[in-house]
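There are 2 protein chains.
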Amino acid sequence: MRLALAQMNSTVGDLDGNRARIVARMQEAKEAGAEIVLFPELAVTGYPPEDLLLRPGFVKEAEHSLEQIAHSARDIVAFVGAPQFDRDLHNVLAVCGDGEVKAIYRKRFLPNYGVFDEHRYFAPGRDLFLLEFGDTLIGPTVCEDIWQPGPPATDLSLAGAQLIANISASPFHVGKEREREQMLATRARDNVCYIAFVNAVGGQDELVFDGHSVVLDDEGQVIARAPGFEEALLIVDVDPVEAVGRRLRDVRRRTFESEREPAPEVPVVHIGASRATGGEPVELTIAPMLDDLEQMRLALELGLRDYVGKNGFGEVVVGVSGGIDSALTATLAAETLGTERVHCVSMPSRYSSAETRADARKLAENLGSPFRELAIEPIVESFDLVLRDVFSGEEPDLTEENIQARIRGTLLMALSNKFGWLVVATGNKSELSVGYATLYGDMAGGFALLKDVYKTDVFRLARHLNERAGRELIPVTTIERAPSAELRPDQRDEDSLPPYAELDRVLEEYVELDRSREELAEDGFDSELVERALSMIDRAEYKRRQAPPGVKLRPRAFGRDRRVPITNRWHG
Amino acid sequence: MRLALAQMNSTVGDLDGNRARIVARMQEAKEAGAEIVLFPELAVTGYPPEDLLLRPGFVKEAEHSLEQIAHSARDIVAFVGAPQFDRDLHNVLAVCGDGEVKAIYRKRFLPNYGVFDEHRYFAPGRDLFLLEFGDTLIGPTVCEDIWQPGPPATDLSLAGAQLIANISASPFHVGKEREREQMLATRARDNVCYIAFVNAVGGQDELVFDGHSVVLDDEGQVIARAPGFEEALLIVDVDPVEAVGRRLRDVRRRTFESEREPAPEVPVVHIGASRATGGEPVELTIAPMLDDLEQMRLALELGLRDYVGKNGFGEVVVGVSGGIDSALTATLAAETLGTERVHCVSMPSRYSSAETRADARKLAENLGSPFRELAIEPIVESFDLVLRDVFSGEEPDLTEENIQARIRGTLLMALSNKFGWLVVATGNKSELSVGYATLYGDMAGGFALLKDVYKTDVFRLARHLNERAGRELIPVTTIERAPSAELRPDQRDEDSLPPYAELDRVLEEYVELDRSREELAEDGFDSELVERALSMIDRAEYKRRQAPPGVKLRPRAFGRDRRVPITNRWHG
Numbered sequence: 038m039r040l041a042l043a044q045m046n047s048t049v050g051d052l053d054g055n056r057a058r059i060v061a062r063m064q065e066a067k068e069a070g071a072e073i074v075l076f077p078e079l080a081v082t083g084y085p086p087e088d089l090l091l092r093p094g095f096v097k098e099a100e101h102s103l104e105q106i107a108h109s110a111r112d113i114v115a116f117v118g119a120p121q122f123d124r125d126l127h128n129v130l131a132v133c134g135d136g137e138v139k140a141i142y143r144k145r146f147l148p149n150y151g152v153f154d155e156h157r158y159f160a161p162g163r164d165l166f167l168l169e170f171g172d173t174l175i176g177p178t179v180c181e182d183i184w185q186p187g188p189p190a191t192d193l194s195l196a197g198a199q200l201i202a203n204i205s206a207s208p209f210h211v212g213k214e215r216e217r218e219q220m221l222a223t224r225a226r227d228n229v230c231y232i233a234f235v236n237a238v239g240g241q242d243e244l245v246f247d248g249h250s251v252v253l254d255d256e257g258q259v260i261a262r263a264p265g266f267e268e269a270l271l272i273v274d275v276d277p278v279e280a281v282g283r284r285l286r287d288v289r290r291r292t293f294e295s296e297r298e299p300a301p302e303v304p305v306v307h308i309g310a311s312r313a314t315g316g317e318p319v320e321l322t323i324a325p326m327l328d329d330l331e332q333m334r335l336a337l338e339l340g341l342r343d344y345v346g347k348n349g350f351g352e353v354v355v356g357v358s359g360g361i362d363s364a365l366t367a368t369l370a371a372e373t374l375g376t377e378r379v380h381c382v383s384m385p386s387r388y389s390s391a392e393t394r395a396d397a398r399k400l401a402e403n404l405g406s407p408f409r410e411l412a413i414e415p416i417v418e419s420f421d422l423v424l425r426d427v428f429s430g431e432e433p434d435l436t437e438e439n440i441q442a443r444i445r446g447t448l449l450m451a452l453s454n455k456f457g458w459l460v461v462a463t464g465n466k467s468e469l470s471v472g473y474a475t476l477y478g479d480m481a482g483g484f485a486l487l488k489d490v491y492k493t494d495v496f497r498l499a500r501h502l503n504e505r506a507g508r509e510l511i512p513v514t515t516i517e518r519a520p521s522a523e524l525r526p527d528q529r530d531e532d533s534l535p536p537y538a539e540l541d542r543v544l545e546e547y548v549e550l551d552r553s554r555e556e557l558a559e560d561g562f563d564s565e566l567v568e569r570a571l572s573m574i575d576r577a578e579y580k581r582r583q584a585p586p587g588v589k590l591r592p593r594a595f596g597r598d599r600r601v602p603i604t605n606r607w608h609g
Numbered sequence: 038m039r040l041a042l043a044q045m046n047s048t049v050g051d052l053d054g055n056r057a058r059i060v061a062r063m064q065e066a067k068e069a070g071a072e073i074v075l076f077p078e079l080a081v082t083g084y085p086p087e088d089l090l091l092r093p094g095f096v097k098e099a100e101h102s103l104e105q106i107a108h109s110a111r112d113i114v115a116f117v118g119a120p121q122f123d124r125d126l127h128n129v130l131a132v133c134g135d136g137e138v139k140a141i142y143r144k145r146f147l148p149n150y151g152v153f154d155e156h157r158y159f160a161p162g163r164d165l166f167l168l169e170f171g172d173t174l175i176g177p178t179v180c181e182d183i184w185q186p187g188p189p190a191t192d193l194s195l196a197g198a199q200l201i202a203n204i205s206a207s208p209f210h211v212g213k214e215r216e217r218e219q220m221l222a223t224r225a226r227d228n229v230c231y232i233a234f235v236n237a238v239g240g241q242d243e244l245v246f247d248g249h250s251v252v253l254d255d256e257g258q259v260i261a262r263a264p265g266f267e268e269a270l271l272i273v274d275v276d277p278v279e280a281v282g283r284r285l286r287d288v289r290r291r292t293f294e295s296e297r298e299p300a301p302e303v304p305v306v307h308i309g310a311s312r313a314t315g316g317e318p319v320e321l322t323i324a325p326m327l328d329d330l331e332q333m334r335l336a337l338e339l340g341l342r343d344y345v346g347k348n349g350f351g352e353v354v355v356g357v358s359g360g361i362d363s364a365l366t367a368t369l370a371a372e373t374l375g376t377e378r379v380h381c382v383s384m385p386s387r388y389s390s391a392e393t394r395a396d397a398r399k400l401a402e403n404l405g406s407p408f409r410e411l412a413i414e415p416i417v418e419s420f421d422l423v424l425r426d427v428f429s430g431e432e433p434d435l436t437e438e439n440i441q442a443r444i445r446g447t448l449l450m451a452l453s454n455k456f457g458w459l460v461v462a463t464g465n466k467s468e469l470s471v472g473y474a475t476l477y478g479d480m481a482g483g484f485a486l487l488k489d490v491y492k493t494d495v496f497r498l499a500r501h502l503n504e505r506a507g508r509e510l511i512p513v514t515t516i517e518r519a520p521s522a523e524l525r526p527d528q529r530d531e532d533s534l535p536p537y538a539e540l541d542r543v544l545e546e547y548v549e550l551d552r553s554r555e556e557l558a559e560d561g562f563d564s565e566l567v568e569r570a571l572s573m574i575d576r577a578e579y580k581r582r583q584a585p586p587g588v589k590l591r592p593r594a595f596g597r598d599r600r601v602p603i604t605n606r607w608h609g
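For the record, the sequence lines run as chains A and B.
Following my numbering, the residues of the first sequence are numbered contiguously, the last one being 609.
Following my numbering, the residues of the second sequence are numbered contiguously, the last one being 609.
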């Protein structure tokens, strides 16, 4: 049996565009001799459509779009993810063939943790069934269903499924791609069945879907894998009926069955006969898994490219300071959008050193990107003038530093307004965690590319980009200079913050793992450092609430993934 | 039987403070002769604690706090809302008496719509029981449980409950207080039992809990009601055993029972004996329900007061333009915080008229609030200078307007940084809906008081505040002048926007009711107006994502209540 996994990049809300893409992929799959083609979860609407699902008009149009897709499904069977309203709203896998919807499987397990809100929208499905295609029995599932160790996978395989098909929109974080594949291998072995897992790919606001669609045999071996972070049509020949032989030898399942409730009756829906293709078998493609730096780079680039493209921007602007965050941001943007679409603007003040000014310029030269310098001194002076009376007798403090940052934010937004460029903010996760960033200043922008990248990873990525390019894109002096905001004389980040290597470890424990002061102390973290860091993190929640979206890269990102009250007196 | 309903203002995360408040109220209730005292849902932690509930250390401390509260519960029984981890996390009503927790009821229905995310945190309870106090059988429930027409209320009353106790944290929107009480009256009548409903009160980020705790008899008559928007200890004598007589005459329940599954066995837990109080019956208090303007005023004031107070601010600053939004914002702030704590800052430009400048000053005089004028012209000129080359050959457009707004935002933030004042942003819901607001400009601030107030209601509230005061607080000229942003010569809001009276009707239909272009056309809305408004609303999502929090006043507010993707090609 020949399968096609259409690892597709839908756009949320673009029903016409998504449908055209699905139909085109269906045609390609047919031309490649595939008998069944799988599309990702909610491929019809894009994932996640969020509160668009509360609009009856949207749901109706999505259903209409699915019907049109089904109408195009001839000489091939397509598994298509879509919303469907039938007494209540469900997240479904629609089996399309012979020009119609032949069966509807409703997702049973609806994730409602992390970035997911599926209980807000969907009613859970209750029914299971098998799809009979030729002599193969296929068990349909949607995303979260396969993350469950028990049913539906166990019920489907006990009822005879030789292949479990899973259509997903599984968002990325570093390491998720491996964790997911390990889980799928375990499911395949536990249930002695093949698994065909198709994932969405692309950026949607804060999320990136990484693809890495995969087919595993009943021994948990990967027999085909699509690459990460790009669209692909993975074609693979499988013979899941083979699994039957191995099942006769595998006693675990029967034991398992005898000790639990009898498996439910699972009806069988006939969906087509396998053609004897007779032709040459397709060559198996197993795209390699990449290391964490490459995964991060590709996720950031895809997230930015799709935010820019899907929102209709042509060009972007980055405030380059000569520091490493803005250098990394501009370099990633130049790689993914093209150098000429990335405008680099340096906005030096009296505190900017000759070295950082030179580095800002050099960065743009290295990238080949348009560069401008706008010295902010006249504006700083005009603020001083206007505020002179009201501030008389007060010492300079953070106020004056923030004014500089906000002047820069205002200049970037002015360029954005005048020329239609998207402002890409340059702050990293370490700064945003502890609030070492100016609201409406360096935090200003439509997209905060490095929002979920720790400062220690900013350094690693900067070196990695230079190595990959085989030349200096980000000036080495930028990488090697001690980080400074340059908002007052001789400022260094480490005057205000713990060293980043130490800080980032605490952030990971507290922000991503919810560990308490007590637990961190028990694990030997310096209690003064912990106290200082955690207080800063808690106090900065109001800033993060007003931050632009950015690419989620870590198990827990700021944004929808971490919902902490601003008004919060908890100190733990 | 004498009940006390402790309508309490908890602070999220402040376990010590909340406990102290609970114990103090318990004492007051005891002194008033109450035998049972009810506290709101999650009174121990404040509501909603959001992702604090994912921290094991927080849950453990909250459980510890509940134990201490139980230890103080002597000679009175307290129903206290708290989280409890027992194999999984539950949202519970803990029955505290004789110095210990005597019973735990777990909330069964967990809301996961609108502003609620309870499936993210809690496992649903499964068990029901009755509490026997003297000769009264009480059915315990938590918030959403009572919004269900069937069980648990029906099961509890069929099992013999004469009083259903409900502890809630039910957030406000205009009209909710009446809708809620109607529902409670229906529950009381359907089940022929008394209902004691205690609600939280206070502001928490975007939510306001309005109180309006109430006791109804088994005929659905309100016999006591606490006022809205303030703490209260409502004392009431009830004799729910009376209901037994009426039940013998009410055949509906038996009919109902015979036609459905038999009611489950409901165990009974003995929690104490009623004291013969013998004293004078308490006088019944039925606080009046207020009209929608008063409800809005009180909700806005409570929301602001608690955001300021619970976050540790002393004073606030408002940019006053001579326009009505900033005038209303400053007036509400002055009423609730005290006039001397509200700093009014006028920041005129070359486009500010003599009239609006005078009105800004007059407003501050009327309020008796500190006033400053900072003319922004020198700063505007310095921006022009710095941007002269890069903008050469370009026509003035929105860019120059936004620069002025951002200069003002930066000045307000400078005052905030220097003096610790909270910036209260002044934009209204109509502007924020269509994006007629400058990100980092007039949208800048820690709290956006009028975020959920339509412009037409801004006018109504302004007039209302003057009438209430019996004098001109908001200058009449401010109320009567046609709205203008004064960012270019002779600008009027209606040059860029449909008339507010028409716009607000469309906003309500689209933003709050999810109605489509088609449906609005069918209802006779002008299709050009609808098209224009809806496109503006959709395009402005990226701005709203970076807006400060503000008080939810309407059935659907921006923020957690309306989760729409930024990247969104849906056009319906």
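Bear in mind the hints are in silico, worked out from the structure with no lab data behind them.
Only a predicted model underlies this, so the values are computations on that prediction, with no experimental measurement involved.
Wrong hints could be hidden among the right ones.
The list treats identical chains as one, so a pair stands whether inside a single copy or across any two.
To be verified - Calculated pairs, DMTMM-like style, for lysine to aspartate or glutamate (alpha carbon to alpha carbon, straight line, at most 25 Å):
id, residue 1, residue 2
1, 580, 51
2, 97, 578
3, 213, 531
4, 139, 352
5, 455, 414
6, 455, 434
7, 67, 287
8, 139, 164
9, 97, 556
10, 580, 65
11, 399, 192
12, 399, 527
13, 139, 68
Hint by hint, here is what the structure shows:
1. In this assembly of identical chains, the alpha carbons of residue 580 and residue 51 lie at most 25 Å apart only when taken from different copies (21 Å versus 32 Å within one copy).
2. Taking the shortest Cα distances, residue 97 and residue 578 sit within 25 Å of each other only across copies (23 Å), while inside one copy they are farther apart (39 Å).
3. For the identical chains of this complex, residue 213 and residue 531 are neighbours neither inside a copy (32 Å) nor across copies (51 Å), given an alpha-carbon limit of 25 Å.
4. Taking the shortest Cα distances, residue 139 and residue 352 never come within 25 Å of each other, neither inside one copy (45 Å) nor across copies (65 Å).
5. Taking the shortest Cα distances, residue 455 and residue 414 sit within 25 Å of each other both inside one copy (22 Å) and across copies (21 Å).
6. In this homomeric assembly, residue 455 and residue 434 come within 25 Å of each other (Cα to Cα) only across copies, at 8 Å, whereas the closest approach inside a single copy is 33 Å.
7. Proximity of residue 67 to residue 287 under the C-alpha cut-off of 25 Å is found in neither arrangement, the shortest distances being 36 Å within a copy and 68 Å between copies.
8. Taking the shortest alpha-carbon separations for residue 139 and residue 164, only the intra-copy value of 15 Å comes in at or below 25 Å, while the best inter-copy value is 41 Å.
9. In the homo-oligomer, the alpha carbons of residue 97 and residue 556 lie at most 25 Å apart only across protomers (13 Å), although the nearest pairing inside one protomer, at 51 Å, exceeds that limit.
10. For a Cα distance limit of 25 Å, the shortest separation of residue 580 from residue 65 qualifies neither inside one copy, at 48 Å, nor across copies, at 40 Å.
11. In the homo-oligomer, the alpha carbons of residue 399 and residue 192 never lie at most 25 Å apart, since the shortest distance is 62 Å inside one protomer and 75 Å across protomers.
12. In this assembly of identical chains, residue 399 and residue 527 lie within 25 Å of each other by CA distance solely inside one copy; the values are 22 Å within and 46 Å between copies.
13. In this assembly of identical chains, the alpha carbons of residue 139 and residue 68 lie at most 25 Å apart only when taken from the same copy (22 Å versus 70 Å across copies).
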